[in-house]
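K.L.:
Spelled out from the first residue to the last, the chains are:
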Amino acid sequence: NAGVMQNPRHLVRRRGQEARLRCSPMKGHSHVYWYRQLPEEGLKFMVYLQKENIIDESGMPKERFSAEFPKEGPSILRIQQVVRGDSAAYFCASSENRGPNTEAFFGQGTRLTVV
Amino acid sequence: GNSVTQMEGPVTLSEEAFLTINCTYTATGYPSLFWYVQYPGEGLQLLLKATKADDKGSNKGFEATYRKETTSFHLEKGSVQVSDSAVYFCALSVSGGADGLTFGKGTHLIIQP
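In the order they appear, the protein sequences are chains V and B.
Reminder that position 55 of the first sequence reads as 55 in the working numbering, one-by-one numbering, no gaps.
Reminder that position 79 of the second sequence reads as 79 in the working numbering, one-by-one numbering, no gaps.
Heads up, some of the hints might be wrong.
Stretch by stretch, here's where chain V covers chain B in the computed footprint (C-beta under 8 Å, at least three residues) [unchecked claim]: (1) 33-46; (2) 100-106.
Restraint ranges, calculated between C-beta atoms of paired labels, are given here [to be verified]: (3) Gln80(V) x Pro113(B): 45 to 55 Å; (4) Pro70(V) x Glu69(B): 43 to 53 Å; (5) Tyr39(B) x Glu96(V): 19 to 29 Å; (6) Asn59(B) x Asn7(V): 21 to 31 Å; (7) Asn59(B) x Pro70(V): 29 to 39 Å.
The set of hints was computed from the structure by calculation and includes no laboratory data.
Note that the structure is a prediction, hence the values are computed from the model and not measured.
Heads up, the beta-carbon is just placed ideally off N, CA and C, and yes, glycines get one too.
The following block holds chain B by itself, in its conformation from the complex (with noise of 0.2 Å):
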């Protein structure tokens, strides 16, 4: 079956911070994959996607490379920004599309000025 593991939060940083969360990912066929944030009391939206190996994702300064040989999509940005504190979900794909995401449990930043 298709899963995702995302590292345990909270991870508390403080603001211009490097952030790396980790997501790897197991499934059947050709995945693509996702990073969705939920901001405090919003629904969730789409951060960036990449479709197949080698791509890279970004947006609003996050990066995230789709990495087929280690099964892993790590996101990450180079200074955090206490708007930045939401929860962060890794999701795939097998279809490419809206239908039948494959979510990680999510992962809570907090970022302290």
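Just chain V, with the same shape it has in the complex (with noise of 0.2 Å):
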């Protein structure tokens, strides 16, 4: 059973430009977690998502952040218009069920540099 798999590793983006981060979940989890963990920093949790459904996403930016987790197919974080400070990892967890005694796996994270 695979872990939770995040692509590309490494994400370079100018100033302006969009940024999409993907995460598929382990086999069998359909609940999602993402979290940023900026330099010197510890993670942030931005936002939860189940199946086609945002549960939580009282961490995310209002603005030029988005998040999805369609019934087929990864989970997507997509940043537009990134600027210098959206230079962060990006850590993608998912879990089989939510509550008390759930486990997170996490993903080796997203390092996205903005130049």
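Using the supplied hints, reconstruct the complex from the two chains, each of which is provided in its own coordinate frame.
P.N.:
So this is what it looks like as structure tokens:
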């Protein structure tokens, strides 16, 4: 059973371009979470999705950022018109269920560099 | 709000030394507490967890006890190995589950042979 797969591992974008980060959850997992790690910071929660639905997006910036988890295919975190401050490591996690005693499995992350 | 504070790194130890990585937290509500580990080039892996006061989580020789009175969850290991070199993250979740984890900044541990 493959783990959580994120791609690309590294992404370089110029200011103003769009960044698309992909996350394929573990087989059988329908809950996906996106976290962002800024330099010298801990991981910060961004958004929680469950197949085709956004459950909690309280940690996601209101502008330029969006996330989806379609019925088929990976979850996508999309950043429009990137700025230098978007440079960070973006981690995706997935779980089988929600609530106590649910373990989240993390991917290797996508390191976004905006130049 | 919720926050996690853990000791700054890098922490450099010799093989077979005793390890302590301090972690304290503030939380609204009654959190579950976690330690995650990130080995070079890999994603975060759950190392251990505790869901209520005085619980002790343990795995791979690592231990941490949920201390509600001191709001702490310090990670310990009696004898570290070179293979323990990694970044360790302390985290909490008020929901008890995988959503809404609040992480510390991480502590980079380097074990020298």
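K.L.:
State for each hint whether it applies.
P.N.:
Here is how each hint holds up against the structure:
1. Given as covered by chain V, the region 33-46 of chain B passes the check, having 7 residues with a CB less than 8 Å from a CB of that chain where 3 are the minimum.
2. Three residues within the 8 Å Cβ limit are the bar, and the region 100-106 of chain B against chain V gives 7, so the coverage statement holds.
3. In this structure the hint that Gln80(V) and Pro113(B) lie 45 to 55 Å apart at CB holds, the actual value being about 48 Å.
4. At roughly 47 Å, the beta-carbon separation of Pro70(V) and Glu69(B) lies within the given 43 to 53 Å, and the hint holds.
5. For the hinted restraint 19 to 29 Å between Tyr39(B) and Glu96(V), the CB-CB distance of approximately 23 Å keeps it satisfied.
6. Under the hint 21 to 31 Å, the C-beta atoms of Asn59(B) and Asn7(V), about 29 Å apart, fit the expected range.
7. Between Asn59(B) and Pro70(V) the Cβ separation comes to about 35 Å, which falls inside the hinted range of 29 to 39 Å.
Checked against the numbered hints above, the structure violates none of them.
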